[in-house]
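Chemist: The primary structure of each chain is shown beneath.
2 protein chains.
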Amino acid sequence: MNIEIINIGDELLIGQVVNTNASWMGQQLSLAGFKVQQFTIIGDEREQILDAMWKAGERSEVVLISGGIGPTKDDITKTTLCDFFGTRLVFNEEAYKDVEAIFARRGYEVTELNRQQAYLPEECTSIPNKLGTARGMWFEKDIPVQGRTGKTIYVSMPGVPFEMQAMMKEYIIPELKTRFHPKSFYHKTILTQGIGESFLAALIEDWENNLPPSVKLAYLPQPGMVRLRLTGTGDHEASIRALVEEEAGKLSAIIPEHIFGEDDELIEAIVGKLLKEKKCTLGTAESCTGGYIAHLLTSIPGSSAYYKGSIIAYDNTIKEQMLGISKGTIEKFGVVSSEVVTEMAIGAQSRLDVDYVIAVSGIAGPDGGTEEKPVGLVWIAIATPDEVFSKKFLLGDSRERNIRRAALQALNLLRKNLLA
Amino acid sequence: MNIEIINIGDELLIGQVVNTNASWMGQQLSLAGFKVQQFTIIGDEREQILDAMWKAGERSEVVLISGGIGPTKDDITKTTLCDFFGTRLVFNEEAYKDVEAIFARRGYEVTELNRQQAYLPEECTSIPNKLGTARGMWFEKDIPVQGRTGKTIYVSMPGVPFEMQAMMKEYIIPELKTRFHPKSFYHKTILTQGIGESFLAALIEDWENNLPPSVKLAYLPQPGMVRLRLTGTGDHEASIRALVEEEAGKLSAIIPEHIFGEDDELIEAIVGKLLKEKKCTLGTAESCTGGYIAHLLTSIPGSSAYYKGSIIAYDNTIKEQMLGISKGTIEKFGVVSSEVVTEMAIGAQSRLDVDYVIAVSGIAGPDGGTEEKPVGLVWIAIATPDEVFSKKFLLGDSRERNIRRAALQALNLLRKNLLA
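Protein sequences, first through last, are from chains B and A.
Under the working numbering, the first residue of the first sequence is numbered 1, with each subsequent residue one higher.
Under the working numbering, the first residue of the second sequence is numbered 421, with each subsequent residue one higher.
Quick caveat, the hints were computed from the structure, so don't treat them as lab data.
For every residue, glycine included, the Cβ atom is placed at its ideal position computed from N, Cα and C.
You may find that some hints are simply not true.
The calculated label-pair distances, taken between Cβ atoms and stated as ranges, are [unchecked claim]:
#, chain 1, residue 1, chain 2, residue 2, range
1, B, VAL145, A, GLU682, 50 to 58 angstroms
2, B, ASP263, A, GLU791, 36 to 44 angstroms
3, B, GLN146, A, TRP474, 48 to 56 angstroms
4, B, THR125, A, GLU628, 35 to 43 angstroms
5, A, GLU532, B, GLY150, 44 to 52 angstroms
6, B, TYR108, A, GLU677, 30 to 38 angstroms
7, A, LEU686, B, PRO256, 38 to 46 angstroms
8, B, GLN146, A, ALA658, 54 to 62 angstroms
9, B, PRO366, A, ASP773, 39 to 47 angstroms
10, B, PRO366, A, ILE615, 32 to 40 angstroms
11, A, ARG535, B, PRO366, 24 to 32 angstroms
Build out the structure end to end from the sequences listed, making use of the hints.
Modeler: In structure tokens:
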């Protein structure tokens with residue numbers, strides 16, 4: 001059984017609004033075990049709506065539609081729905097009482113536009129909307145498709161995210177589950193860092209080729225990390241889960257040094273958790289990353305428990321005065337060097353009075369590179385209570401991505417040290 | 421002439437990734453004067469790709485495809501494209517050299533998987549990718565549609581956002597403009613800061629109601645700012661431009677104090693430009709913003725010309741030791757106070773040896789608020805060569821948005837002072 005999603009709204013097509021409804025619906029339906037076949041995004045136009053509904057009904061047994069209903073948009077979608085299903089709008093007493101109740105709570109009189117919202121297609125099951133004035137509508141229609149029996153289900157919902165979400169959770173997904181008894185799905189995402197997609201693929205090739213047919217792998221690269229998503233499908237939830245977890249375990253054993261977490265975990269949160277467990281504090285000394293590492297760390301609620309602060313030494317005089325780096329070191333080795341980044345880490349450790357320090361110096365670009373030290377060259381040092389070590393990276397040529405990649409590499413170096 | 425977009429990727433359908441590519445592409449195409457007809461989002465499956473490409477080609481003259489190409493195995497798009505266009509993959513010497521060059525810059529050998537990326541469909545114009553290893557592919561095909569002459573254009577691009585964006589800007593949109601001469605559009609976006617959408621709407625109501633019919637206004641709110649986009653449409657570029665500029669001028673005269681820039685300008689770049697003109701330097705002293713202001717400032721190429729560095733004093737001991745704030749001031753007034761933030765600004769000014777300082781202290785949340793000092797309370801101080809002043813803000817209850825809003829407010833305070 002396939003499900004499709006149609007999102008209606010000119011604002012989506014001109015990119016004024018990012019379509020978070022589609023991804024939310026896709027996620028919830030996948031988690032519930034349904035296969036989402038397609039999203040179709042169209043404007044508020046009758047012909048487009050009719051065409052999209054017809055084609056979706058030919059491909060999929062269930063078509064969920066969001067958007068295009070509401071006090072200012074009603075005319076097009078609702079009359080188009082009536083034509084598609086061969087029905088007409090009739091005044092719905094119950095729906096009108098809901099609208100009145102919502103207006104009463106806000107202390108307003110019902111406007112004529114909102115009164116119109118109580119007119120609903122005669123041949124549909126209407127779905128209450130606790131959070132707004134536009135009801136959902138559940139239709140069924142014969143769409144002749146070879147090899148398929150039964151009617152196609154169409155459900156129309158408002159496009160306001162929290163109204164749609166409440167309807168999906170409380171009514172539509174439970175109803176679909178009752179009718180279709182979906183197969184069980186289990187997803188697990190393994191987060192890797194510090195290795196490119198193609199190198200990773202080469203390392204795990206054998207494991208990937210031997211995956212059972214019910215488990216699929218997807219590579220999801222982002223600047224500075226590659227996520228590996230395992231999806232298992234089957235009839236028994238427990239056995240699928242066990243199978244996916246088993247394969248994830250095998251994968252972890254092949255590339256332990258590249259994995260930093262799973263699912264929605266953030267490396268800055270993982271580092272924070274490890275520091276908290278050790279009851280240790282952290283500071284940063286940043287040059288080319290310009291405060292981005294500090295920003296990532298402090299974006300985690302509760303980070304003040306372990307993160308004390310940073311010296312952003314963008315200018316060399318700050319490196320000398322605030323971090324105590326000797327002019328001689330900078331002159332002899334250059335500001336992007338193992339020696340300078342090591343002195344930055346040691347200087348910050350004593351001056352910020354912290355247990356651990358991440359120090360970074362590099363050439364983010366677009367200017368400032370030389371043949372010997374190109375844009376993308378970054379030195380990272382980690383100071384711990386026991387030692388200081390540094391590592392060189394060659395990242396790339398985009399300023400924005402160099403900053404992001406350097407920050408993730410630095411956090412990962414610290415993470416590995418905290419685990420060792 | 422209609423354009424459609426197809427995004428390929430199982431990760432989109434299961435909601436693991438929000439489809440920002442579609443909205444970005446929709447926005448850029450609309451701004452260039454094209455009509456975007458539909459987005460279709462499908463999985464990495466041959467039959468789905470063929471079906472979506474065929475149907476899109478029947479509706480629209482141009483079909484832009486992103487995703488489904490890249491070095492690893494989940495990518496079946498390229499062979500499907502070959503079948504659709506009746507061609508085959510051949511090794512492309514030029515494409516291979518590009519792949520080699522990218523690997524050489526990163527100091528790696530080309531892997532077999534990446535070598536495969538140099539195989540491209542014989543019957544296509546390949547589009548260079550400066551930022552990655554997957555080239556774009558431009559195809560043309562006869563799709564018999566009544567009343568239409570000429571071939572349908574299909575362009576396949578990688579799904580990695582910055583790679584796709586560079587290709588769209590540098591190659592695809594210019595080429596489509598040359599071929600189709602879309603109606604003239606002229607857009608101008610006025611950037612406002614420090615005032616909410618509904619208050620802004622009330623201030624400019626009369627002006628908005630008197631806009632000529634060929635000029636449309638859209639409110640585009642974001643955390644910390646509201647963008648006002650004016651769009652003029654017509655046959656003569658010069659007259660549309662003049663009309664939009666005239667209306668923008670009227671708007672500027674109504675709310676001069678709320679406007680900080682226009683179009684894609686960033687407040688961190690505007691502040692940088694003003695500092696450069698004055699030949700002055702800037703430092704920051706951040707508590708609740710945790711390095712985010714430093715990050716914004718240093719994300720601008722060339723910022724090292726005026727930005728010297730920052731002390732991120734997340735912990736109070738850092739405020740005392742590194743910024744010289746007296747324990748007494750913190751004890752008497754609390755760390756989120758005009759007094760402390762003023763001392764932070766003065767302390768940073770002398771210690772970082774800079775002309776201007778932005779200092780911020782606040783309660784980002786979710787914890788740490790009290791009845792007297794709630795989450796969202798932020799004090800900002802600006803030190804200049806002549807004075808220090810501070811201002812209080814009440815921002816909201818989301819940590820992420822508080823950090824963003826505080827940073828924008830701080831940069832705007834400095835901007836106004838630099839202009840005064």
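Chemist: If you check the beta carbons of B:THR125 and A:GLU628, does the distance land in 35 to 43 angstroms?
Modeler: 41 angstroms Cβ-Cβ, so the 35 to 43 angstroms window holds.
Chemist: Taking the CB of B:PRO366 and the CB of A:ASP773, does the distance hold inside 39 to 47 angstroms?
Modeler: 27 angstroms Cβ-Cβ, so the 39 to 47 angstroms window is violated.
Chemist: Could you tell me whether the CB distance from A:ARG535 to B:PRO366 stays inside 24 to 32 angstroms?
Modeler: This hint holds: roughly 29 angstroms between Cβ atoms.
Chemist: State, for the Cβ atoms of B:VAL145 and A:GLU682, whether the hinted interval 50 to 58 angstroms holds or is violated.
Modeler: Since B:VAL145 and A:GLU682 have Cβ atoms about 52 angstroms apart, the given range 50 to 58 angstroms holds.
Chemist: Lying within 32 to 40 angstroms: is that true of the beta-carbon distance B:PRO366 to A:ILE615?
Modeler: Since the Cβ atoms of B:PRO366 and A:ILE615 sit about 35 angstroms apart, the hinted range of 32 to 40 angstroms holds.
Chemist: Can you let me know if the beta-carbon spacing of B:TYR108 and A:GLU677 is within 30 to 38 angstroms?
Modeler: The hinted range 30 to 38 angstroms holds for B:TYR108 and A:GLU677, with Cβ atoms some 33 angstroms apart.
Chemist: Assuming the hint says 44 to 52 angstroms, is it satisfied by the Cβ distance from A:GLU532 to B:GLY150 or not?
Modeler: About 48 angstroms separates the Cβ atoms of A:GLU532 and B:GLY150, which means 44 to 52 angstroms holds.
Chemist: Confirm or reject the claim that B:GLN146 and A:TRP474 have a C-beta distance inside 48 to 56 angstroms.
Modeler: 18 angstroms, violated
Chemist: Falls inside 36 to 44 angstroms, the C-beta gap from B:ASP263 to A:GLU791?
Modeler: 37 angstroms, holds
Chemist: Note whether the CB distance of B:GLN146 and A:ALA658 lies within 54 to 62 angstroms or breaks it.
Modeler: Roughly 57 angstroms apart at Cβ, these two residues keep to the hinted range, so it holds.
Chemist: Quick one: are A:LEU686 and B:PRO256 within 38 to 46 angstroms, going by C-beta?
Modeler: 41 angstroms, holds
In terms of the numbered hints stated before, the structure departs from hints 3, 9, listed from lowest to highest.
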